[in-house]
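> Based on the sequences and whatever the hints tell you, model everything.
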Amino acid sequence: MGDLMEAEHIQVPGELADLAGCPASWGDGLELAAQPDRKKAGEEGGCAGLAWASCAMRGWRESMEDASLVLPVGYVGGEWRDAALFGVFDGHGGEQVSRLVARRLPGALAELGGELRQDPEKGLAAAYLRMDEFLRGPGSAAELREMTLPGNEVRDSAEFTGTTAVCCVLEVGATPTEGKITVANVGDSRAVLCRQGLAVALTEDHKPNLPRETARIEAAGSYVEEETVPGGGTGYRVNGNLNLSRALGDLHYKEPHLPPAEQTISGVPDTQSLSWKVIGQGGVSPTSTDLRRSGN
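In the numbering used here, the protein residues as written are 809 to 1104.
Since the hints were derived computationally from the structure, they do not count as laboratory data. For every residue, glycine included, the Cβ atom is placed at its ideal position computed from N, Cα and C. It cannot be assumed that every hint is accurate.
[What the hints assert, rightly or not] Label-pair distances were calculated between CB atoms; the ranges are:
| hint | residue 1 | residue 2 | range |
| --- | --- | --- | --- |
| 1 | 1023 | 956 | 32 to 38 Å |
| 2 | 1036 | 1080 | 30 to 36 Å |
| 3 | 1064 | 860 | 27 to 33 Å |
| 4 | 1083 | 1049 | 35 to 41 Å |
| 5 | 967 | 889 | 34 to 40 Å |
| 6 | 867 | 1065 | 36 to 42 Å |
| 7 | 1083 | 867 | 33 to 39 Å |
| 8 | 1033 | 868 | 39 to 45 Å |
| 9 | 1033 | 1004 | 37 to 43 Å |
| 10 | 1068 | 867 | 30 to 36 Å |
| 11 | 1013 | 1064 | 43 to 49 Å |
| 12 | 1029 | 852 | 26 to 32 Å |
| 13 | 951 | 986 | 34 to 40 Å |
| 14 | 944 | 1006 | 25 to 31 Å |
So, in structure tokens, the structure goes:
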């Protein structure tokens, strides 16, 4: 445990907590370090049949810009109290937007009910778009300043700072042996499912050179620049700057007259849902059988 540091957390809003006895966290990784740091901030927990673990490392960045959230069943409000929410947010241009989204996304989701609760893909997508709506408003400046870690440059605008966002809503069905996983993603953070010991990608990196991304970027009046990266590879950047094509924040790339799906840097996530069921046969306990995919 010598290399582990305790994570700094964003305060959990009381109105989101159901006091169900399960720990919830908004993990923010490490505080500032004077030089590249490989120390890790880790935590783990479990409740209501779910177990989770998280780990963060600053690496070669000057400061930690990433955030995460873990909300077990009962912690997301509204019609989502029967679902768990997990998320990772890889910030760029500062830590402010990633930390703000980790704080605000659960509340935005909790406000969405009816059809958007019945279709979690649409619900997550709507909650993502609410993040950009909030960041455009006058109320975001004070909160962005509050999200600045000690010793870092204070930012009160999301013009040139943003974050990826990959989130998973996990719902348990009528019995603990069945349910649904819904994933939403913008940017190049990744969600991976382990099925029978094999890694199955649930997301695709949003890179500027993907044909559908390039088409949207150019239609919005921007361009994709090719560059040579260390080691002889090829990289691609939007307007010579961002190396990803979707993100929350980065308002400099988002024109008020364009809909979200047509922006140079779009905040519209790709989504998908997976149904799962654990089955047992021949006296084998359901808790020790394989996880099998059905549905979509």
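> With reference to the structure, classify each hint as holding or not holding.
Verification of the hints:
1. Hint check: residue 1023 to residue 956, Cβ distance near 36 Å, so the stated range 32 to 38 Å holds.
2. A hinted range of 30 to 36 Å for the beta carbons of residue 1036 and residue 1080 is consistent with their spacing of about 34 Å.
3. Between residue 1064 and residue 860 the C-beta distance comes to about 39 Å, which lies outside the given range of 27 to 33 Å.
4. At about 40 Å, the beta-carbon gap between residue 1083 and residue 1049 stays in the expected band of 35 to 41 Å.
5. Judged by the Cβ atoms, the range 34 to 40 Å given for residue 967 and residue 889 holds: they are separated by roughly 36 Å.
6. A beta carbon spacing of about 39 Å between residue 867 and residue 1065 agrees with the range 36 to 42 Å that was offered as a hint.
7. Between residue 1083 and residue 867 the beta carbon distance is about 36 Å. The supplied range of 33 to 39 Å therefore holds.
8. Checked against the hint of 39 to 45 Å, the pair residue 1033 and residue 868 fails, with Cβ atoms roughly 23 Å apart.
9. The given range of 37 to 43 Å is respected by residue 1033 and residue 1004, whose C-beta atoms sit roughly 42 Å from each other.
10. Separated by about 31 Å at the C-beta atoms, residue 1068 and residue 867 satisfy the suggested range of 30 to 36 Å.
11. Range check, residue 1013 to residue 1064: Cβ separation about 28 Å, and the 43 to 49 Å hint is violated.
12. A hinted range of 26 to 32 Å for the beta carbons of residue 1029 and residue 852 is inconsistent with their spacing of about 46 Å.
13. Separated by about 39 Å at the C-beta atoms, residue 951 and residue 986 satisfy the suggested range of 34 to 40 Å.
14. A beta carbon spacing of about 42 Å between residue 944 and residue 1006 contradicts the range 25 to 31 Å that was offered as a hint.
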